[in-house]
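Novice: Just need the whole structure built from these sequences, with the hints factored in.
Heads up: the sequence lines are chains G and P, in that order. Sequential numbering from 18 applies to the first sequence in the numbering used here. Sequential numbering from 537 applies to the second sequence in the numbering used here.
In short, the hints are calculated from the structure, not lab data. Just so you know, not all the hints are guaranteed correct.
[Said to hold, decoys possible] In silico negatives: residues of chain P with every beta carbon more than 10 angstroms from chain G:
id	residue
1	Arg551
2	Gln577
3	Glu588
4	Gly608
5	Arg617
6	Glu619
[To be verified] Derived CB-CB ranges, DEER-like:
id	chain 1	residue 1	chain 2	residue 2	range
7	P	Gln553	G	Ile125	37 to 45 angstroms
8	G	Lys76	P	Arg551	28 to 36 angstroms
9	P	Arg600	G	Tyr91	36 to 44 angstroms
10	P	Glu614	G	Asn82	19 to 27 angstroms
11	G	Pro24	P	Asn587	35 to 43 angstroms
12	P	Lys550	G	Ile28	26 to 34 angstroms
All C-beta atoms, glycine included, are put in the ideal place defined by N, C-alpha and C.
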Amino acid sequence: QQPVQSPQAVILREGEDAVINCSSSKALYSVHWYRQKHGEAPVFLMILLKGGEQKGHEKISASFNEKKQQSSLYLTASQLSYSGTYFCGTERIGNQFYFGTGTSLTVIP
Amino acid sequence: DTGVSQDPRHKITKRGQNVTFRCDPISEHNRLYWYRQTLGQGPEFLTYFQNEAQLEKSRLLSDRFSAERPKGSFSTLEIQRTEQGDSAMYLCASSLNGANYGYTFGSGTRLTVV
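Specialist: Laid out in structure tokens, this is it:
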């Protein structure tokens with residue numbers, strides 16, 4: 018029931034763009050995105066509700082395709098501070114909230 | 537608002553001992569969650585409360601684990617007869633009630649069972 022993220026890891030140079038995908042085998046009600054830096058707690062980035070919306074947060078945005086049960090996180094013009102592990106979290110109506118498998122993002126100068 | 541506080545930050549215990557962790561959520565948050573995270577993995581759901589009611593508990597959680605949230609404020613997670621496999625980071629998170637709200641996590645309690 019854990020959502021699957023891809024890629025597992027990505028290395029970017031500052032200023033490059035990246036896309037992280039999150040797929041679920043079950044119908045979703047909402048998708049959360051979090052970033053976790055090494056040794057720290059996950060930090061909430063954004064939430065997308067059923068309805069296919071897209072949201073933005075500075076240079077980080079996300080989309081949610083409920084028909085495909087997928088969400089994508091878009092990072093544009095990456096900065097060193099974007100480094101960390103990104104987790105999606107998915108919620109199905111009346112069910113537990115599951116975190117995804119994680120994507121390690123490293124931004125290098 | 538000081539965020540979500542967890543205590544202790546680190547705990548080393550001998551196998552077979554009992555341990556208890558505390559979580560103080562953001563005061564206006566009525567939902568409280570416990571997760572467990574091991575190295576390289578995403579947080580794994582353990583249980584969650586809405587106010588003082590424990591609404592859901594993972595089937596992965598053995599009878600050695602118990603959580604309480606008296607009066608809907610702070611919460612405690614107790615692990616009885618600890619095993620080496622219990623070694624992990626235990627994360628607490630809180631949120632407002634409703635689908636529009638993300639979770640605010642505490643810094644976690646790192647448990648090492650020797």
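Novice: Each hint needs a verdict: does it hold in this structure or not?
Specialist: For each hint, the structure was consulted:
1. Residue placement check: Arg551 (chain P) keeps its beta carbon more than 10 angstroms from all beta carbons of chain G (closest about 25 angstroms).
2. A Cβ of chain G approaches the Cβ of Gln577 (chain P) within 10 angstroms, the least distance being about 7 angstroms, so the stated non-interface status is violated.
3. In this structure Glu588 (chain P) is separated from chain G by more than 10 angstroms, as the shortest Cβ-Cβ distance comes to about 20 angstroms.
4. Under the 10 angstroms C-beta cut-off, the non-interface status given to Gly608 (chain P) relative to chain G holds; the minimum distance is some 20 angstroms.
5. No Cβ of chain G comes within 10 angstroms of the Cβ of Arg617 (chain P); the nearest lies about 25 angstroms off, and the non-interface call holds.
6. In this structure Glu619 (chain P) is separated from chain G by more than 10 angstroms, as the shortest Cβ-Cβ distance comes to about 23 angstroms.
7. In this structure the hint that Gln553 (chain P) and Ile125 (chain G) lie 37 to 45 angstroms apart at CB holds, the actual value being about 44 angstroms.
8. Separation of Lys76 (chain G) from Arg551 (chain P) is about 47 angstroms and departs from the stated range, judged on CB atoms against 28 to 36 angstroms.
9. Distance hint check for Arg600 (chain P) and Tyr91 (chain G): the Cβ-Cβ separation is about 42 angstroms, which falls inside the suggested range of 36 to 44 angstroms.
10. In this structure, Glu614 (chain P) and Asn82 (chain G) break the distance hint of 19 to 27 angstroms, their C-beta atoms being roughly 41 angstroms apart.
11. Against the hinted window of 35 to 43 angstroms, the Cβ-Cβ separation of Pro24 (chain G) and Asn587 (chain P) comes to about 40 angstroms, which satisfies the hint.
12. At about 41 angstroms, the beta-carbon gap between Lys550 (chain P) and Ile28 (chain G) misses the expected band of 26 to 34 angstroms.
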